[in-house]
Amino acid sequence: MLLEGKAWRYGRDINTDVIIPARYLSSTDEAELGSHCLEDLDPDFITAMEAGDIIVAGENFGSGSSREHASLAIKGCGVSCVIASSFARIFYRNAINVGLPILECPEAVAHIETGHELKVDLEKGMIEDTTTGASFQATPFPGFMREIINLGGLVEYVRERLHDRS
Amino acid sequence: MGNTITEKILACHCGRDAVSPGEFIDAGVDLALGNDITAPLAMEAFRGMGAERVFDPARVVLVPDHFTPARNIEAAENCAAIREFVREQGLEVYFEVGRLGIEHVLLPEQGLVLPGDLVVGADSHTCTYGALGAFSTGVGSTDLAMAMALGEVWLSVPESMKLVYHGEMDPWVGGKDLILHTIGRIGVDGAHFRAMEFHGEAIDALSMDGRFAMANMAVEAGAKNGIFHVDEVTREWLKGRSDKDYQVLESDPDAEYVKVLEFDVGGLEPQVAFPHLPSNVRPVSEAREVELDQVVIGSCTNGRLEDMETAAMIMAGREVHPDVRVIILPGTPEIVKEMVRRGWMENFLEAGAAVSTPTCGPCLGGHMGVLAAGERALSTTNRNFVGRMGHSEGEVYLSGPAVAAASALTGRISHPREVMGE
Ligand code: SF4
Chain A
1 MLLEGKAWRY
11 GRDINTDVII
21 PARYLSSTDE
31 AELGSHCLED
41 LDPDFITAME
51 AGDIIVAGEN
61 FGSGSSREHA
71 SLAIKGCGVS
81 CVIASSFARI
91 FYRNAINVGL
101 PILECPEAVA
111 HIETGHELKV
121 DLEKGMIEDT
131 TTGASFQATP
141 FPGFMREIIN
151 LGGLVEYVRE
161 RLHDRS
Chain B
167 MGNTITEKIL
177 ACHCGRDAVS
187 PGEFIDAGVD
197 LALGNDITAP
207 LAMEAFRGMG
217 AERVFDPARV
227 VLVPDHFTPA
237 RNIEAAENCA
247 AIREFVREQG
257 LEVYFEVGRL
267 GIEHVLLPEQ
277 GLVLPGDLVV
287 GADSHTCTYG
297 ALGAFSTGVG
307 STDLAMAMAL
317 GEVWLSVPES
327 MKLVYHGEMD
337 PWVGGKDLIL
347 HTIGRIGVDG
357 AHFRAMEFHG
367 EAIDALSMDG
377 RFAMANMAVE
387 AGAKNGIFHV
397 DEVTREWLKG
407 RSDKDYQVLE
417 SDPDAEYVKV
427 LEFDVGGLEP
437 QVAFPHLPSN
447 VRPVSEAREV
457 ELDQVVIGSC
467 TNGRLEDMET
477 AAMIMAGREV
487 HPDVRVIILP
497 GTPEIVKEMV
507 RRGWMENFLE
517 AGAAVSTPTC
527 GPCLGGHMGV
537 LAAGERALST
547 TNRNFVGRMG
557 HSEGEVYLSG
567 PAVAAASALT
577 GRISHPREVM
587 GE
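These protein sequence lines map, in sequence, to chains A and B.
Residue numbers for the first sequence follow the working numbering, so the first one is 1 and each next one is one higher.
Residue numbers for the second sequence follow the working numbering, so the first one is 167 and each next one is one higher.
Please note that a few of the clues may not be correct.
Label-pair restraints from in silico Cβ distances [to be verified]:
1) A:THR114 - B:GLY256: 51 to 57 Å
2) B:ALA539 - A:ILE46: 17 to 23 Å
3) B:ASN238 - A:GLU117: 40 to 46 Å
Chain A stretches covered by chain B per the calculated footprint, using a threshold of three residues with CB under 8 Å from any CB of chain B [what the hints assert, rightly or not]:
4) 54 to 66
5) 159 to 166
Hints are computed from structural coordinates only; laboratory data are not their basis.
Glycine residues also receive a C-beta, built at the ideal position from the N, C-alpha and C atoms.
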């Protein structure tokens with residue numbers, strides 16, 4: 001899949017409490033959660049971002065709470081992909097499980113700035129900064145995770161397993 | 167080459183003799199946990215998977231502890247949906263408001279987690295049960311749905327870090343101070359995806375409640391799990407809690423660690439984490455004069471019996487500072503009953519503190535004491551991120567219960583010695 005969008009560059013340790021604050025966690029609706037995405041960190045993000053835009057952040061993105069609402073909020077507001085230097089463990093699982101595209105690529109993060117236009121080839125893990133012309137290769141996913149990603153998430157993976165059992 | 171306790175527990179749960187770091191496994195779970203925030207999404211995913219029945223109604227536990235007693239209509243609806251799922255699936259263990267506690271205090275207390283178990287919970291602080299020599303880790307709601315449907319979870323086997331604590335600790339220093347000090351040293355991703363294995367004579371001397379507080383915050387260093395070995399302290403604590411046998415596993419002497427860190431905690435002062443990261447840690451002597459609007463004592467980190475005792479002893483016969491609101495958040499109803507029996511409840515109430523029913527409440531800015539803009543709290547909880555306890559312009563400092571109780575009396579961050587006149 002090819003993605004194109006504008007970069008929103010943030011720092012390290014962006015935690016799930018600022019991705020989607022607890023006051024909104026009584027909802028499970030992607031669009032509703034998406035309308036509050038990152039509002040405690042950057043109130044302008046949600047008003048100025050456009051569908052397809054890409055979050056680019058430093059180390060340990062998604063640290064903190066296990067709330068899958070964080071992945072849903074990012075998907076729900078229309079972000080097409082998150083690129084980070086590294087991801088916190090549970091967020092990493094959640095993103096793969098719910099089909100939110102993520103890429104780990106410290107070199108790209110060091111280069112990209114807010115507003116740069118990006119092109120991402122998810123299968124190849126290629127990130128191109130079309131504003132500067134630079135391109136980067138993200139860390140490939142281990143085989144088992146690629147299987148879940150290719151199925152579109154963990155729900156399908158388990159559905160197949162349940163089907164095989166019956 | 168030997169194996170660590172974490173590797174051994176994982177191997178036992180995927181029917182293998184041994185596993186190595188980096189391998190992906192489908193592991194069987196002994197218990198799958200969800201709460202009122204994460205279970206609704208898990209129930210949706212469970213149905214989406216085409217699952218009809220949970221793998222074992224005795225091994226799925228849903229604990230609605232976050233926004234309960236229901237803080238608003240949406241929270242009430244989520245709890246109602248959980249109650250319906252519990253009935254429909256015939257889940258054998260369920261706690262209703264009045265018997266409900268904070269999940270990570272409640273499950274061990276009720277004997278639902280034992281050494282050698284593999285537990286996954288859709289709550290990041292599920293790592294708490296490592297204090298008992300179990301492998302336990304936080305996962306997301308869709309993972310929980312898979313665990314409910316298949317009784318399995320996918321995991322990659324973590325590398326292990328060995329953390330060794332030497333020396334005899336000051337009486338005012340506890341497990342919370344050790345873990346804050348550790349996170350201060352290694353950072354919020356210092357144990358990224360790894361197992362943190364705790365050792366040393368200071369750990370041997372630590373109570374179970376102190377060990378729970380440490381394991382609880384392993385996730386604040388980015389770890390997959392935190393784990394302790396079973397000893398006499400563990401065995402004594404477990405007595406009478408469960409009829410089931412449990413499996414005691416140990417790391418081999420030649421087990422492989424990616425890192426070994428040594429700490430001399432003999433002269434360690436009580437620790438305080440400054441806003442807005444749990445790694446922003448300084449000794450309490452460098453935190454004095456920070457004035458407070460609110461003090462929270464409790465939660466899944468420090469809402470256990472020993473924490474309540476420490477706070478109650480410090481507050482006995484003394485008065486909360488007139489500018490401070492104190493909220494006591496005991497972990498379970500059993501703890502509340504003990505607080506009444508032992509007279510601690512009276513200490514708190516006479517001092518001018520508010521005692522809450524067990525709930526997560528303000529810990530995650532849910533209810534029961536959220537902060538306004540510009541307000542500052544000292545809390546015995548585990549996170550001090552921007553907006554964690556309410557307004558994004560509020561500030562949260564973290565400490566253990568002794569510093570929190572003393573600070574409640576003085577109105578600013580204080581060493582307990584200051585009020586105990588030692
Ligand atoms: S007390 Fe706080 S950290 Fe613990 S489970 Fe509840 S919200 Fe999470």
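We went through each hint and held it up to the structure:
1. A:THR114 - B:GLY256: 51 to 57 Å: holds, 52 Å
2. B:ALA539 - A:ILE46: 17 to 23 Å: holds, 20 Å
3. B:ASN238 - A:GLU117: 40 to 46 Å: Roughly 42 Å apart at Cβ, these two residues keep to the hinted range, so it holds.
4. 54 to 66: With 6 residues in contact (Cβ-Cβ under 8 Å with chain B), the coverage given for the stretch 54 to 66 of chain A holds.
5. 159 to 166: Contact hint for the stretch 159 to 166 of chain A vs chain B: holds, 4 residues under 8 Å.
Going down the numbered hints, you'll see the structure goes against none, and every one checks out.
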